[in-house]
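Colleague: Given next are the chains, with one letter for each unit.
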Amino acid sequence: MVRYIGQKVLIALATVFVLATATFFLMKLIPGDPFANDKVSVAVQEKQREYYGLDRPVAVQYVTYMKNLLHGDLGYSMKKTGRTVVDIIREAFPVSAKLGLFSLLISEAVGILFGILCAQFRGKWPDYLLMVVAILGIALPSMVLGPIVRYLLGVKLQILPVSGWGSFKQMLMPAFVLGLGTIAGNTRSMRASMLATTTQDYVKTAQAKGLPPVKVVLRHQLRNSLVPIIPNLGGQIAGVLMGSFVVESMFLIGGLGRYFVDSITNLDYPLIMGLTIFYGAFLVTMNLLVDILYGLIDPRIRMK
Amino acid sequence: MENRKLLEVKDLVVHFDTFQGAVQAVRGVSWYLKEKETVAIVGESGCGKTVSIQTVIGLNPRKNGSVRGGEVLFEGKDLLALTQKEMREYQGNQLSIIFQDPFTFLNPTMTVGEQIMEPYLLHSRASRQEARARALEILRLISLPNPEETMKRYPHQLSGGMRQRVMVAMALICDPKILFADEPTTALDVTIQAQIMELMNGLKEKLNTSIVLITHDMGVVANMAERIYVMYAGKIVEHGDAETVFHHPKHPYTWGLLGSVPRLDERIQSELYSIPGTPPDLIAPPKGCAFAARCRYAKQICRKCEPPRIGFEEPEHYAYCWLNHPECIRRNGVTVREEE
Ligand SMILES: Nc1ncnc2c1ncn2[C@@H]1O[C@H](COP(=O)(O)OP(=O)(O)O)[C@@H](O)[C@H]1O
Ligand SMILES: [Mg+2]
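The listed protein sequences correspond, in order, to chains P and A.
Going by my numbering, the first sequence opens with residue 1, and the numbers climb by one from there.
Going by my numbering, the second sequence opens with residue 1001, and the numbers climb by one from there.
To be clear, the hints were calculated from the coordinates, so they are not data collected in a lab.
Careful: at least some of the hints might be erroneous.
[To be verified] Chain A residues, not near chain P, derived (Cβ > 10 Å throughout):
(1) F1016
(2) L1059
(3) I1097
(4) G1311
[As the list claims (entries may be wrong)] Here are the computed lysine to aspartate or glutamate pairs in the EDC-like style, where the Cα-Cα straight-line distance is at most 20 Å:
(5) K215/P x E1114/A
(6) K204/P x E1089/A
(7) K204/P x D1101/A
(8) K1152/A x D1182/A
Ideal Cβ positions, reconstructed from N, Cα and C, are used throughout, including at glycine.
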């Protein structure tokens, strides 16, 4: 197990390094100049460039950046003057994390539950109903789904607030819109996976013990059925992260997603770099955790 | 009480509905089991042995496999008339089973200790500690090396023989009245097979469990069973006590099965004999005797009419074969097993 994790950690570090390097050079290819501004004199613009080190060769800038990165220093934002990138992350990430985590928890649980129900009622109406929901969830992007849900629940029925952030009620709608894809995906994969385990021999053994059907499902089928769907979790976390860009601006939530979109339109180099590396490292860490979780659920992987 | 019938199966008929038609897996089978007795049901694969016993313990998929007739009397009560819920009281408790393949019949994500304790926790209302103690007791009984350690293992960490011992422990933990063993050694190496057979023989003495042993291997039966039912194409074709069936078999199919037992004492290690041909299609079983197509003694009547049950001098020795009919014997002389 230790070797298994050790290997995964090394790969994760290498991934972040490659990501940082690639982003650094790609970012320089975006046309435009962060300090180009008609209202400011050329001399001042030069001063600004010098201050941020943009006058030096790209290679030198790269080495300096990487050195600072090793110390956890992501530099200052060029546009939100006086604020470090780390500050911005510290302020906005908890909001995004809360939204993402909440959404993920609901959607994983609901998706898995739906999948189990579909498999148990295979070919009967609950199966068809949930599969329709699942297909809609995959087909509808959040830009379409979001406004529909806001109109129905927020404006027509007025049971949930249309936007804002803070209260539990305010969290429900964005979390649902963000998680519907995950619910849909999990319903489908869990259904297939449960159906595949129903005909396994060890399920017959469980029945032969006299276990009632609920216990056969929960104790013997569930864990084995989760094994093939765990690897989806990494992608689902990434999906929630990306989805949060749209959902945060739709529901006016001041999370990291909004800063990220702004940083690119503003060519705020340090903020682009900082947020990309942060997102990258975050995803890589999540994937690492998923790998470990996979090992915990299936002893055959853990003990290899 | 010695002679009481613990389990009696009467005229059991089981069909499976498939797209090709109904598979007549079990076509009117009757057998019984007495207390503390071991009986064997022997036949080639595909004869309906597994389906018969899985029906008895209520494990048939009700979806396409349905009991079309018959009774299964356990201590006088018809198990086929019970609801699934009532049946679960018996499963793993008074009626337990060892399956054929210890590689696929154990849950890969649960420690073997958990799996062994599970039926006991379910049926006896015991605490986890009591269940653990009971599991260890059983594991010692079947002389599994370091039981405490093994309990914490997962199936993939154990050898085939060990896994089959785990299956045995799981089946015995509730002290069942009847243990069904469905080809318990088929998936194992020859040396391990011998160990498991020895284990089961030993258990017969130590426990008061009756055993129904299913196998296609007459060699396995020789060491264990007191009585033998020979099954072919969903029917019993011969029955008798083990001695009689081994020494005075009356059905050509039984001759064939006996011919396929490797004899260590034989002069030549000849190639393993097997009955030519394959069992018939159970969707459209043949008229007359199902074995006629493969039987080298088959007469016209065998292909036309079903053979009646004919009894012999040993008590309860009977076979379903025209060769034993008085008329046939009068015309052709006494039936003799050709191999002898
Ligand atoms: N679920 C099922 N659906 C359709 N046919 C089945 C099913 N289970 C068993 N059968 C058929 O019933 C017959 C008897 O099978 P089985 O009892 O497993 O034989 P044995 O145990 O003697 O090898 C076989 O022809 C098999 O194909
Ligand atoms: Mg079988």
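Colleague: Would you mind marking each hint as holding or not holding in the structure?
Modeller: Verification of the hints:
1. F1016: The claim stands: F1016/A keeps its Cβ more than 10 Å from every Cβ of chain P (closest is about 14 Å).
2. L1059: violated, 6 Å
3. I1097: Check fails; 5 Å does not lie beyond 10 Å.
4. G1311: holds, 36 Å
5. K215/P x E1114/A: Given pair K215/P, E1114/A holds - Cα atoms ~14 Å apart, limit 20 Å.
6. K204/P x E1089/A: holds, 16 Å
7. K204/P x D1101/A: holds, 12 Å
8. K1152/A x D1182/A: violated, 26 Å
The structure shown violates the earlier hints numbered 2, 3, 8.
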